[in-house]
Amino acid sequence: MDRPLTGDLRSDGGVLDLAAYEKVGGYEALHKVVREMTPADVLKEVTDSRLRGRGGAGFPTGQKWSFVPMGDDAPKPKFLIANADEMEPGTFKDRMILEGNPHLLIEGMILSAYTIQATNGYIFLRWAYKVAAERITRALAEAYDKGYLGKNILGSDYSFELHLHTSAGRYMCGEETGLLNALEGKRANPRAKPPFPQVSGLWGKPTIVQNVETLCNVPPILRHGAQWYLGLSRSEDGGTKIYGVSGKVRRPGAWEMPLGTTMREILERRARGMREGHSFRGVLPGGASTDFLVEAHLDTKMDYGSVQAAGSRLGTGLMIVLDDKTSVVGMVLNLERFFAQESCGWCTPCRDGLPWTARILQGLLEGRGRPGDLERLEMQTRMMGPGNTFCALAPGAMEPLQSALKYFREDFEKLIPKSDAA
Amino acid sequence: MLTEQERERIREEAGHYDYAQAACVEALKIVQEGHRWVSDEHLKEVAELLGMSPEALDSVATFYNLIFRQPVGENVILLCDSVSCWIMGYEDIRAHLKERLGVELGETTADGKFTLLPMACLGTCDRAPAMMVGGDLHRNLDNGKVDEILGRYRQPPET
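Taken in order, these protein sequences are the chains called Z and R. This note's numbering puts the last residue of the first sequence at 480; the count rises by one with no breaks. This note's numbering puts the last residue of the second sequence at 163; the count rises by one with no breaks.
Excised from the complex, chain Z in its bound form (with noise of 0.2 Å):
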């Protein structure tokens, strides 16, 4: 089983009832768990297995857990949240789960929440997926009917009980202090760090926030161990990956491969390449909020520390292709109107630094560009640049402006009319 997140999906698109799941091994890692491991076992197996975060932040995840105070003079009750509001743009692949295979997303909670010892769990759900929505309601009640969920797990002294929520479409809500903040009734503003939600948290309470593909890693370690594990991957972090593409390729989809496969493979082999007519200018790796790349970094492997290395992110893994027939500066321009859409207006820089960068480029493209419009767009990325801000939307946000800027720099310059004054 080299897939083990995808391998066991089914091809019409229908989703995988409890019966189903066990068929395929399903909640055989809750069994063996809840019998022979403890706690601390488990932290060390999910350490080991280099598991680190899908969501986009890429935190080794055994040692997000570490944080969490354990024993019995720990706050209570503590809580572990599903992340499920994907709405990076260009991000389709917790929906494949979500859809495909809930119990998979609910086995991996019991088990982490077992790990810190949470007694209450959340899935927040974006709006817009309505069938995985459906499909957990029904998933959930089927785990609390066979006793995977609720008081005494199979007949142990743990408990869990595990709730849907559904937000109502904000980007916000997916920045793990916003979404404490929306689950609690609130706007989904970020809050300070620290405290980290680790230690205070959803109403002041140890949390664990964790991506919908991350949390599904861990039944399948669990089974078959950290060793088999890191054996599934091409990097020196574990596991597999769920990789897609977006653009005017010519098969535009998500596959899970080993993790460090390489960008051009992903792009060549999966995505049979550029479509008829259109040929490759660059490549957003992991979403709206990552560094471009270019044809030279087309042999990057997809892992952490190779992405990183060619100055963008892994992110979310989920490519956004950059062809010759569209306009660069149209697309920085789309992505941040939304990023200046999807502010929360909770600190200065973000929420008047983004529309004035959007009306900058949009003056490019209107024609009325001016002498001096580049430095500014420049320094609109250092002044959203980490650090300067309350939380990651604006860094995000400027990871494909500077990097537009630095790779198609001819496409901004040429909408700049040449000086008069002469």
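Derived from the structure by calculation, the hints contain no laboratory data. Because the structure is a prediction, the values reported are computed rather than measured. Any given hint might turn out to be false.
[What the hints assert, rightly or not] Now the in silico label distances, taken between C-beta atoms and shown as ranges:
#, chain 1, residue 1, chain 2, residue 2, range
1, Z, Val189, R, Glu95, 26 to 36 Å
2, Z, Gly71, R, Gln159, 31 to 41 Å
3, R, Glu95, Z, Met437, 37 to 47 Å
4, R, Gln9, Z, Lys134, 31 to 41 Å
[To be verified] Simulated crosslink set (SDA-like; lysine to any residue; CA at most 20 Å straight-line):
#, chain 1, residue 1, chain 2, residue 2
5, Z, Lys188, R, Arg143
6, Z, Lys251, Z, Gly403
7, Z, Lys306, R, Tyr157
8, Z, Lys188, R, Asp96
9, Z, Lys383, R, Met123
10, R, Lys33, R, Met123
We put the CB at the ideal spot given by N, CA and C, even for glycine.
Given the coordinates of chain Z, work out where chain R should sit on it, guided by the hints.
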């Protein structure tokens, strides 16, 4: 006024949490199920049920793209305007929808059938361009497909 059934559903949602406020987004969606949008009157009623000030609830209501504080039509069209759909032809689909419906983005057709809204990434970028109509997802759109979809919603209900 909210119906007694709506009030009961909101109380039930609030009962799932230690703090009633946590149910406020769910409560606003319950209002929209019955009334399509959230009026000032309904907002005040929900705030009272959840022990919030109307201002606090409005700060949440106005935060979300899908909580409507203005009237919308029978079917809300959410046209994805994010990057992959933009590359794959969002602007052409938008022009076609505006022409067919005779409205700009943010407006409702004269017959009250459709409201046309832009929407951030719908998470189906491999089958762009995409839109949702009345909660149903439609993908790989072209002008012909848009016409066919609109036609389905325009047909009088069978008796």
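Going through the hints against the structure:
A C-beta distance of roughly 28 Å is found between Val189(Z) and Glu95(R), which places it inside the suggested range of 26 to 36 Å. As the Cβ distance of Gly71(Z) to Gln159(R) is approximately 27 Å, the hint placing it in 31 to 41 Å is violated. Between Glu95(R) and Met437(Z), the C-beta spacing of about 29 Å breaks the proposed range 37 to 47 Å. Range check, Gln9(R) to Lys134(Z): about 36 Å between beta-carbon atoms, so the 31 to 41 Å window is met.
Taking the CA atoms of Lys188(Z) and Arg143(R), the gap is near 15 Å; set against the 20 Å cutoff, the hint holds. For the hint linking Lys251(Z) to Gly403(Z), the alpha-carbon distance of about 18 Å falls within 20 Å, and the restraint holds. For the suggested pair Lys306(Z) and Tyr157(R), the alpha carbons sit about 31 Å apart, so the restraint of at most 20 Å is broken. Annotation: proposed proximity of Lys188(Z) to Asp96(R) is violated, straight-line Cα distance about 26 Å (limit 20 Å).
Simply put, Lys383(Z) and Met123(R) have alpha-carbon atoms about 24 Å apart, too far for the 20 Å limit, and the pair is violated. Of the supplied pair hints, the one linking Lys33(R) and Met123(R) holds, its CA atoms being roughly 17 Å apart against a limit of 20 Å.
The structure does not agree with the numbered hints 2, 3, 7, 8 and 9 stated previously, though it agrees with the rest.
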